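Participant: Mind docking chains W and Y on chain R? Use the hints.
Residue numbers (the working numbering), protein chains in the order written: chain R, 1344 to 1727; chain W, 60 to 473; chain Y, 485 to 821.
Errors might be hidden in some of the hints.
Claimed, not checked - DSS-like cross-link-like pairs, simulated, lysine-lysine; straight-line CA separation at most 30 Å:
| hint | chain 1 | residue 1 | chain 2 | residue 2 |
| --- | --- | --- | --- | --- |
| 1 | W | 190 | Y | 797 |
| 2 | Y | 797 | W | 472 |
| 3 | W | 427 | W | 132 |
Stated by the list, open to error - Now the stretches of chain R that chain W is said to cover, found in silico as 3 or more residues with beta-carbon under 8 Å:
| hint | region |
| --- | --- |
| 4 | 1399-1409 |
| 5 | 1506-1518 |
| 6 | 1597-1604 |
Hints are computed from structural coordinates only; laboratory data are not their basis.
Remember, it's a predicted structure, so these values are computed and weren't measured experimentally.
The beta-carbon is built from N, C-alpha and C at its ideal position, and this holds for glycine as well.
So the chains spell out like this:
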Amino acid sequence: MSTGTATDATASRTVTAATATYRSLARTLGTGAPVYALLIVLLVALAATDPGFYEPDRFLAFVKRAAPLVILAAGQYLVIVCGEFDLSVGAVVTAGVVAAAEVYGTYPDAPWALMTAGLLLAGAAAGLLNGLITTVLRVPSFITTLGMMLILEGAVFYWTGGSPQGRLPQDFRRLGRDTALGWLPWAVLACGVAGVLVVLLMRSDFGRTLVATGDSERAAHLAGVRVRRARVLAFVLSGVAAALAAVLVGGFSGVSAQAGRGYEFEAITAVVLGGVALGGGRGSVVAAMAGAFSLQALFTLLNLQGVSGALESTVQGVIVIAAVGIGAADFSRLRRRTHPPGTPPDTPQVTPPGAAPGPPAPTPPPPATPSRTPREGHPHDPQP
Amino acid sequence: MTRSPSPRPRHRPATTVAAAVLAAALLAALTACSSDAPADAPAASGQSAEQRNDSGDKPSKFFDRTEYERQLKLAGQTPRGPAAKPWEQMLEPEMADTVRYRKKGDDDVDLCFSNAGVFNPWRQVGLKNMKAEAELHDEIDDFTVLDAQGKDDKQISDIQELAGNKDCDALIVSPNTTATLTPAVKEACGKLPVIVFDRGVETDCAVTFINPIGGYGYGAVAADFLVDKVKPKGKILALRISPGVDVLETRWSAAKLAFDKSELDVVDVKFTDGDPAKTKSVVSDAISRHGSIDGVWMDSGATAVAAVEAFEDSGADVPPITGEDQQDFLETWKDKKLTAIAPTYPTFQWRTPVIAALRILKGEQVPKEWKLPQPTVTQGNLDDYLQDGMPPLHYAMCGCQRLPGFPGDWGGKK
Amino acid sequence: MTGTALAPQPARAAAKSRAPRGRGRLADPAVGVWLAAGAVTALGWIVVAARGGDFLTLANVVGILQNCVALGLVAVGQTAVILTGSLDLSVAYLISLGTLVAATTMEDGSVVTGVLAVLALSAAVGLANGLIVTGLKVNAFIATLGTAFILRGWIEDNYTGPAGKVPASFQHLGYDRMGPVPVSLFLLLAVTAVLWLITRRTRFGHHLYATGGDEHAARLSGVRTRRTVIAAHVLCSLCVGAAALFLASRLGAGAPWAGTEARYDLESIAAVVLGGTVLAGGRGGVVGTLGGVLVLAVLDSVFNQLGVDPFFKNVVRGVVIIAAVALYARRGARRSA
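This is chain R alone, in the form it adopts within the complex:
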């Protein structure tokens, strides 16, 4: 897998080759392995539950259903890996679907391509606003995007008087509903293209910049990275991804006043399932997208298993906690071995090297896997 994982330059210099092996194993396990294992287990379970699941049609239908979440997860990954949050994506999806229907209510003959492009632009604008408020006004992104969520939902329903006046025509809905060449759903194609683009993006300079920013803003800054610009761009891309998801969701199921409800949490959950650290600097985008597939597979499995509708969320909660917990546990166990004897084994939270003020921290060598919470963006300028 292409890990756009943490490149802890400082850290890796301080460790021996032997520990580096463990380290890379730990990193792989921590960021990717659990989610792939989970995905495989779920897919096997799906096959066992429903032998027809892997018929091409059915499987493509499953991927098509997962596509919006996968795209959202990819966008969310970009924001999370540079140390931020985007809680507004669900609202962007809802607002996108409702606004498109409203515009079609006034201009029923608007060309679908123009409408789609307009939505993507609007998503980019929302993302740009998120990014600027977060970086220039230094509002923590959790709050920025929470506020944006309230604003977008409030504004779009205020505009439409509570429900959209128009409907989405078939040509606009084609992307979310129909198939290309008669067998390949457009949504799967869109999802694939978005996936390839984001992987290429993460391999580019910009991707490395983004990870470095999330890993240690100060180090990135000192290394000449334009931290703000990287973050703003991440928000813009997340907004575009959310708008694309809106096009797919609106296409898939038509107008709904709650099209994007809950997507923000699902997207973040998917990314975290993929082993990406909230707080940034670590994790791969492929794993994040695998997280989204896992989540969708879990939903489908719960549905097919006929788990009592009411208990579904309990199962979901337990699995998410367990999966993330196992991911974290793997880590600390492996890491402990890398610690020189005498170091307290349960000190997993260590300041990442680059972030330590002044000279690099002495012993113990900080693990490559700093762990963090949703932290606010960067309330202060890096200059002390």
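Facilitator: Coordinates of chains W and Y only, in the frame set by chain R:
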């Protein structure tokens, strides 16, 4: 849940203190100078007893047979009142005297309305109806609406605020939750005439309680249709919005009864959260899992079109399906020539409270419980109810066609 | 990874390590938000008066204060976890479950058993949250979101709607007033006072700030950060339990959507941040939070009086929250510059 030794005595003071605080609060309550609580204990009601889950195969404890039978009986009766105005009709009315509420002095009336919220299209259409109805009457000087945004706690405060407001001549309440708003409504009853509609409260202190026949009637109509149209042993998929909503629970319990008596096989009961995308997934999963689905029962129509599309997308014929009077479903029904039925929970009931309030303030009689008819959209009358140019989330049974501002204010086009 | 661990950025770490207890500085955003509450009230008064209404009537003021109670209790608890750098997204479902447990227990048993049952449930949920965050090292965001899902399933599987009934004696908490002041306001003030004492006057409180400021430094200086985080979660959940009890007494029954419809999870976090507490932890306090709650309640009341479209309200709330935090950030930056 994770069990482990209690972390530290450090947090224990908090527990003690919290308990002490509560004790202090209770003590304070005993010596309190005043109380806004109703003097007597909240009305006891059988329905407020703990209600266990009735989803899946467990027997429904939510079910109230007397009420069920009453609703089915009402559904078969002809209502009293002007035929063209179902919102003024009443079923089996027991008239109550309202002379003591007659407003003296000037003719201007100030009406106040505590709304649970406008969190779904049904309520949005309803509120438009109500506002337009208020416009119709010149004697209404001011129509104040407080929106509780779905919060019980806020609605209690809203009701208190409106009841304490000298300018309100009558208070209309659309409760967010039956049980929880009872105390607040009781308190308001002592101050001004109260009109409750849609959901009820567990007190009969309101001058009138306006509601259509009800959820049992709704659920039964839809289920009977499927029993009639689907061959025996047919596989039925039941789609519900979410558990725990009283109005929806009654719909399902009535339908379940009908299905249990029939030879139909309910293969799945699923919650969709009212989300069309989830509905499509659930339906297509059900189709592939059971090979085919012979009938779809829905407890509300918001996701009916998504269900229809799921059948189309999987290449299957759309089986008999039940929906609601939402515009997009009626259009799909007509376009695709579905075998369908749409029981309704009519939004025209939002007009009635205003009419009732004015009658009460004039001292005219109103029914103690104002039961409105609950028309069903069938193949036979589909064209009467389906009006072109209305937005997809509009409700056809709005009774709003002759109101000022129609169709523009409802988002429609001429 | 630990949800509680923070990777402090240098400037912040330096700023924070200076003195988490330097009250003169810390009180600043709190003072600001109370001033803002005053300003919003004055503005509301002017706007409403201009339209011929009367904003500062006794009934209205009492209503505003009453509306502060539920959110206030949750937000004060939320402050404790946020100070440690964690957060709690499970509060909304815990409130719902709390009201249900309270009402069903009180229906069959006594008020005291009901109160104890809710507090025990809350403590257990808080403990679970804390242990998942510190023990399983699941990020607090995901951990508490997961707990929220678990609670949701539990509620949906066991309750089909409002359940139970609260005895009249317990309803005094929700409805009584001492003079013009609602009794429940005293509950809020008392809980706030207790939390203020705990956070500002005890060793544990000191640890709370230290953990949130820089967990690594705190640990090195001997703070048992895990226990601190767990205790903060328990404390938060107990406050949520108190909110559930208040709501149960006010609603007269338990309601499965008592906490979720009001979005207490995000609203409480918004109130905490509005009150000047830093989301990353280590700075802020309950007094500011109370001010934040008051601002939201006053805004709500003004909107009510003006009959503002409920959707438009959300727009304004969003703008207010972002603007307030942007202001704090500006000040913070200027100070540390």
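Participant: All the hints need checking, so say for each whether the structure fits it.
Facilitator: These are the hints, each one checked on the structure:
Distance restraint check for residue 190 of chain W and residue 797 of chain Y: the Cα-Cα separation of roughly 20 Å lies within the 30 Å cut-off, and the hinted pair is therefore satisfied. The suggested pairing of residue 797 of chain Y with residue 472 of chain W holds, with an alpha-carbon distance near 28 Å, which does not exceed 30 Å. The suggested pairing of residue 427 of chain W with residue 132 of chain W holds, with an alpha-carbon distance near 19 Å, which does not exceed 30 Å. By the rule of at least three residues with a Cβ nearer than 8 Å to a Cβ of chain W, the coverage given for the region 1399-1409 of chain R holds, with 3 such residues.
Taking a C-beta to C-beta cut-off of 8 Å, the region 1506-1518 of chain R contributes 5 residues in contact with chain W, enough for the three needed, and the coverage statement holds. Residue count for the region 1597-1604 of chain R with a Cβ under 8 Å from a Cβ of chain W: 7. That meets the three needed, and the coverage hint holds.
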